[in-house]
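Now for the letters of each chain:
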Amino acid sequence: MSREDYEVIIGLEVHAELSTKTKIFCSCPTEFGGAPNTHTCPICMAMPGTLPVLNEKVVEYAVKAGLATNCEISKNSKNDRKNYYYPDLPKSYQISQYDKPLCENGEVEIETKDGKKTIRIERIHIEEDAGKLNHDDFGGGSLVDLNRAGVPLIETVSRPDMRSAEEAENYLRKLKSIFEYIEVSDCKMQEGSLRADVNVSVRKKGDTKLGTRTEMKNMNSFKSIVRAIDYEAERQIDVIENGGKIYQETLRWDDVSGKTFSMRDKEDAQDYRYFPDPDLVAIKLSEEYIQNIKNSLPELPESRKQRYLEEYKLSEKDAKLITSSKYLSDLFEEATAICNNAKAVNNWIISDISKILNENEMEPVQIPFNSKQLAKLIILIDKGTISSSIGKKVLAELFNNPRDPEEIIKEKGWIQISDEGAIKDVVLKVLKANPQSIEDYKGGKDKALGFLIGQAMKETKGKANPQMLNKMFLEELKK
Amino acid sequence: MNITELTVHELQEKLKNKELTITEITKAYTDRINEKEKDVQAFVTTLTDTALRESEEIQTKVEKGELTGEFAGIPIGIKDNMCTKGIKTTCSSRMLENFIAPYDATVVEKLNKENMINLGKLNMDEFAMGASTEYSYFKKTRNPWNLNKVPGGSSGGSAAAVAANMVPWALGSDTGGSIRQPSSFCGVVGLKPTYGLVSRYGLVAFASSLDQIGPITKDVYDSAMLLNLISGYDEKDTTSSDRKKVDYTKCLKNNVKGLKIGVAKEFFGEGINKEVKSSLQRAIETYKNLGAEIEEFSLDIAQYALATYYIVACAEASSNLGRFDGIRYGYRTKEFKNLRDLYKKSRSEGFGPEVKRRIILGTYVLSSGYYDAYYKKAQQVRTLVMNEFDKAFEKYDVILTPTSPTVAFDIGSKSNNPLEMYLSDICTVSLNIAGLPGISIPCGIDKTGMPIGMQLIGNKFEEETILNAAYTFEQATKFREKYKPGI
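If you're matching them up, the sequences are chains A and B in order.
Everything in the first sequence is counted per this note's numbering, starting at 199 for the first residue and increasing by one.
Everything in the second sequence is counted per this note's numbering, starting at -10 for the first residue and increasing by one.
Read the hints as simulated data drawn from the structure, not as lab findings.
Everything numeric in this text was worked out from a predicted model, so none of it was measured.
The beta-carbon is built from N, C-alpha and C at its ideal position, and this holds for glycine as well.
Straight-line alpha carbon distances no greater than 25 Å define the calculated DMTMM-like cross-link-like pairs of lysine to aspartate or glutamate that follow:
| hint | chain 1 | residue 1 | chain 2 | residue 2 |
| --- | --- | --- | --- | --- |
| 1 | A | Lys276 | B | Asp231 |
| 2 | A | Lys330 | B | Asp330 |
| 3 | B | Lys266 | B | Glu409 |
| 4 | B | Lys323 | A | Asp286 |
| 5 | A | Lys280 | B | Asp361 |
| 6 | B | Lys333 | A | Asp343 |
| 7 | A | Lys314 | A | Glu367 |
| 8 | A | Lys482 | B | Glu224 |
| 9 | B | Lys365 | A | Glu302 |
| 10 | B | Lys345 | A | Asp286 |
Simulated coverage check for chain B against chain A, where a stretch passes if three residues somewhere in it have a Cβ under 8 Å from a Cβ of chain A:
| hint | stretch |
| --- | --- |
| 11 | 89 to 96 |
| 12 | 194 to 200 |
| 13 | 226 to 233 |
| 14 | 310 to 316 |
| 15 | 349 to 358 |
Construct the entire structure; sequences and hints are all you get.
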């Protein structure tokens, strides 16, 4: 059988760190970074005798996430202990939710090459993050940093509804954009605040039973996820084709070699001994509480996209790209409100800005300049103060060292020359130096005009007003 | 006047009348500790030097009028499983032999706010697991009535220290009887409050859904006063109750006329010592004479409480004690090959046999495949126990039982027989399972001169009812005036 005879089945468990100010069970800051063990207290260090107190914001954020992904919200929920030993888990149990998650049975819609597809969400539950081990900076040993211990997470578990790496990527992008929109998580993948456990299995097309799955934990880049799924699916198909068997196990994806490796002994199956945490009371939510959160939900990407199509007449493709990120979408709306030129803002975002983000593997949130600065750039072009080619240089400068574009062009001497006398001098100078081009033009070669304008631009270091150049060359050539 | 024989309310009276000073009181206690500790072995850590220093500071402040609280300068002893900032909290375990908490338990904070004086940290069964205080890693506390007998447990150090007049009163903790049973063995008053009445923050957890801190005192009035000090909602403990605070001394009416007392016959059956039974019968007669209405009834479900208790308590303990892994604090083995080895050796060497036994039991009942048969079933029985008590309290104000089936036993007689040791909790565990309050007060002595305890059980948050019933009995029988420990 060949690769085409198989179907790949993918399910994702997505962990998003919530952007609450304080941790889930104590009042330590959730802020990323900080010297090791400075964002800690007796509670998140699991000192004997300490007790957890559930941060109400965490429940609110999780309910928001559930509502935004069309989940049912449980009015009666609870916290459970997941027991296992590891040095980054100071209590030796993680407080999570086992059989009564806050949110259940949701779904989101993604785009696939065959059109729209619904990915079902089994559950969203709240839990605490673990600390971190620093292995390298000490002579041989490992050091425990508990700054991250107790940072709130929501875990969103999908049904095994995805059939390709692309679908998995689109689903994760969709979740990311929803969480950004409702402002429950900053979803900074590079800081680990959004990461996914990827479950992959394969089966022969037409089979109804799921194959044995493997799990790749803590993946935090779209690129790696796509590569890892493709690799793992291939590997499983190879094993099966060669008469082998797939074992349910946890794998580690190695980005450098582009391969997966077995992490745990197969016999060493974990028994987490879940049981209700007796230190915490049950979580009871009223209908009114849930309704209030529902009413406060901001506009979600899908509806924003629709609005862009109608209100700004953006193309489907552009609207989708811009609304895929709350950050881009806010940038678009804010800049448009200032410069009143939606089309220009759209063009800058989908072409030049996106290009720079891609080249540098940056997330939209990492854009260093603000909407005011982008709007100013567009206004300067619209007024003719700079040309659009200078505009590109200004944009590069905004990425480099963001400041008022007006300041940039003054400092760099990039103000467009629109003085008729000055432009005429340049035109005459270029014509004098290129008699052949005049001949060509008059002989019917229109291209020669472009060449002349180019020469004039070169002469003015791109600062000449291109419309005026065009007009003046035509006048001179007619003479 | 023998200062250390006085109750706290008597001490307060003497302070008020300027018959005594704070320094004199503290000095009397530190002298008593220095004299008797070698016999009783009640303390893991004594704080006699700092206590004297503090008493002088407080005395000066009181004289200057800077301090006016009625508990300022009153000494106390604290069971060694409540965290005290800057002072070792060992839980009588090798695991925490040198552990100093960076914070105070809520109850300790409350005592400090009153400017009370901590005389020291009291011995206990390791991590509060035991009924004789023999499972302490450091020492075996002795019963002040007979030094060859155990003081009971796990709050054996607290009960023995109060009985031996080494502290005027003490804090204990009770997960299955750990305040009431040693109070019974030592002839003192021990109260386990309703679950949620006293904050557990800073109490090193044994079984979170059962643990409760409470007073061990010389008499019922002191019990009510100490309960006043430690009870109340704490935002650091979400299982604590936010009901309105009451003054428990106000309910001590010395009157039980018309009080409905249920006597649960299951607590007077097989396994209950004859002398204990007859002492309780006399107590029942006393109540009748005082005008209470006594009725025998059946609390059938109680027979399942002990099994339920050991499943729930061990399950929670196995998880609660996971944090003692040798990584951040506490005992760490000297040599290890890898992480697994570090865990295994640190925990094997740091915990004693009873703690290990319960961790293994608890791990087992939570394991996949056994959870439903044990833990889940136990929780279901727990609900039945609660329902049964609810029904009983529709008819009765108080339920009367022995505190323990026996009087204090000989040191060494049960420490190698865990099952027999567990039976010592048979009368007390059902209250923890149901979250109910219970008080143990002395009701007589057996022919060997060892005290016998009576347990009065109240409905949830009905501490006032059992305190008044206990107080009325105490006033009628005057146990303290008739009997004194040999020490």
